[in-house]
Every structure is written in structure tokens, then in C-alpha cells.
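Asks: Given the structure of chain A, go ahead and fit chain B onto it with the hints provided.
Residue-level listing of the chains:
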Amino acid sequence: MEQKYKLGDKVKFMNDADSLAGVIVSFSYDASIKSFRYSFTSKAFDVDSNSMIEGIKTCLEAELLPVESAK
Amino acid sequence: MNQLNKMAKNFKSESKITGWTKMRLLDKYGNAKPMFQENFLWRLFKKYFSLDLQIPFLFGNWTTSVIKRNTVTTIGKQISAQQVGGTTSAPVTAIALGVGTPSATALGSESTTNGGSRGAATVSNQTTTLTGDTERWVKTFTFSGVLVLIEEGLFDNNTSGGNMLASQTFSAVTTANTDTLQITHNVKYA
Numbered sequence: 006m007e008q009k010y011k012l013g014d015k016v017k018f019m020n021d022a023d024s025l026a027g028v029i030v031s032f033s034y035d036a037s038i039k040s041f042r043y044s045f046t047s048k049a050f051d052v053d054s055n056s057m058i059e060g061i062k063t064c065l066e067a068e069l070l071p072v073e074s075a076k
Numbered sequence: 019m020n021q022l023n024k025m026a027k028n029f030k031s032e033s034k035i036t037g038w039t040k041m042r043l044l045d046k047y048g049n050a051k052p053m054f055q056e057n058f059l060w061r062l063f064k065k066y067f068s069l070d071l072q073i074p075f076l077f078g079n080w081t082t083s084v085i086k087r088n089t090v091t092t093i094g095k096q097i098s099a100q101q102v103g104g105t106t107s108a109p110v111t112a113i114a115l116g117v118g119t120p121s122a123t124a125l126g127s128e129s130t131t132n133g134g135s136r137g138a139a140t141v142s143n144q145t146t147t148l149t150g151d152t153e154r155w156v157k158t159f160t161f162s163g164v165l166v167l168i169e170e171g172l173f174d175n176n177t178s179g180g181n182m183l184a185s186q187t188f189s190a191v192t193t194a195n196t197d198t199l200q201i202t203h204n205v206k207y208a
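Read top to bottom, the protein sequences are chains A and B. The numbering of the first sequence is this note's numbering, which starts it at 6 and goes up by one. The numbering of the second sequence is this note's numbering, which starts it at 19 and goes up by one.
Careful: at least some of the hints might be erroneous.
FRET-style restraints, in silico, Cβ to Cβ [said to hold, decoys possible]:
no. : chain 1 : residue 1 : chain 2 : residue 2 : range
1   : B       : Ser-178   : A       : Ser-31    : 23 to 31 Å
2   : A       : Glu-66    : B       : Thr-147   : 35 to 43 Å
3   : B       : Tyr-47    : A       : Asp-23    : 18 to 26 Å
4   : B       : Ser-135   : A       : Ser-24    : 13 to 21 Å
5   : A       : Gly-13    : B       : Val-117   : 34 to 42 Å
6   : B       : Leu-69    : A       : Met-57    : 35 to 43 Å
The set of hints was computed from the structure by calculation and includes no laboratory data. Quantities reported herein were computed from a predicted structural model and do not represent experimental measurements. Glycine included, each C-beta is placed from N, C-alpha and C at the ideal position.
This is chain A alone, in the form it adopts within the complex:
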């Protein structure tokens, strides 16, 4: 079993725009659903604090799409 994405790869959640892509910071294998689960960096505008915040998104392998980095 080998994962599709590596640490540092740029990915996005399948329904998101390319501008919401982030870099994979960790992954693990979930044997109960036979899938890799990835966490990647994510920024969002936070209404509560009226500022940009940095967080993470966590998705299964099938929910991710690769995003080409700008050269």
C-alpha cells in the first residue's frame, strides 16, 4: 500500500478552488476504511476575529486533487 501524495505536495479539497490549495504536512493510514488521510495547510478569512487565520484541512485520499505550483 503506497500513498498517492507525499509530504510537501500541493493539494486541494476536490470541491474547492485552486486558490484554497495547501501543502501536505502529515498523513496516516486508516485501516478501517482502507484509505490514507492527509492534513494540509489552509488559510481562511475568520469572521470572528476579522482576520486571516492559518489552520489545517484533513481529507481522505479520494477527496484530494493535486495542484501545480506556479513556476
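Replies: What follows is chain B alone, placed relative to chain A:
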């Protein structure tokens, strides 16, 4: 009452799980659109008569930023406990919207069209009272048509099903094509 329950009762340290959500509806130019901020009377009529009475001053007021207290579900408390010990590997990652009334385990009628589909939220750890006592989910939905939204929930599955950590109902928010709805959902453990 068994021995374990007696022991648990003797522990002085207690922890509550509470949550709240802040929402803003914007048009394509970024202008905030008014939303109805409900009061206690609105909640009473909603609960007992299923009525959404948007009458200013009596049932609430129109504002551009709505704050709403949520309901943490029983299964939500279970998956929170499981996360602490690592007996689940599925974190709560998604925000979903709907057009029904939430049950104890799911939204009443989850939206899957016009840009209102469930999706992965940006999750971060924040401080409300004690350092890092609040987990925050942020997601912006961009709509491609009309939806009359009245419920929102947090899930441990980004696409469908899964366990619902918390949910809330609110006065109807009507979206139009190109509108965006910014949702900030907080859950505080303290």
C-alpha cells in the same frame, strides 16, 4: 449507581462543551447582506410551532453578522472523548448546510446543490477563556443559485454521512447566485 459513577461524581473538575457560530452573507461585490438575528422569543416559536417569524424588535433584529449558539450532540460528546484517547481516527473536518431541522444525529435535509454542498473546513485552535480551549472551523460557501438555508452542522466526513458533532438552526437565509456565506463555528471545551 455503580462504583465508577460514584467515583466520577466525586471528581471536582468538570468540563463543558459549548459552541457558537458566526455567519456573514456577502454579495459578489463583497457587500454584507442583512440576516435575521433571532432572540429568545423566536427560538420559542421555532421550537413549539416551527415558525420562523422575522419581525424586527419582537423576534430579533436585522444585522450583517449573526451569532448563534449551537447544540452539541450526544454522539458529538462521544467522538470528542474518542479523539482524546485516539480510539477514533476520524477528526471532525466538515461543515454542512441544510434546509430542514437537525435531529440528534444528522441535519434534517442537507443541501447538496447550488454550491451548498458539504465540504472540508479550515480548522484551527483558538483561545476563548483558557489557552487553546476552543476549536474553530471556518468555511466560505459560494452559491450558484437560490437556497433557503436554516440549519448547519459539523461532521467527521467531508462528503456525506459521518457523525455530527454539533448543529444549529437559524432564521432562513436566502442565497442568490454568486453570494458567499462565511461560517465560523466554534466549539469550546472548558
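Asks: None of the hints should be skipped; say for each whether it holds.
Replies: Against the structure, the hints:
no., hint, verdict
1, B:Ser-178 to A:Ser-31: 23 to 31 Å, "holds (24 Å)"
2, A:Glu-66 to B:Thr-147: 35 to 43 Å, "holds (37 Å)"
3, B:Tyr-47 to A:Asp-23: 18 to 26 Å, "holds (22 Å)"
4, B:Ser-135 to A:Ser-24: 13 to 21 Å, "holds (18 Å)"
5, A:Gly-13 to B:Val-117: 34 to 42 Å, "holds (40 Å)"
6, B:Leu-69 to A:Met-57: 35 to 43 Å, "holds (39 Å)"
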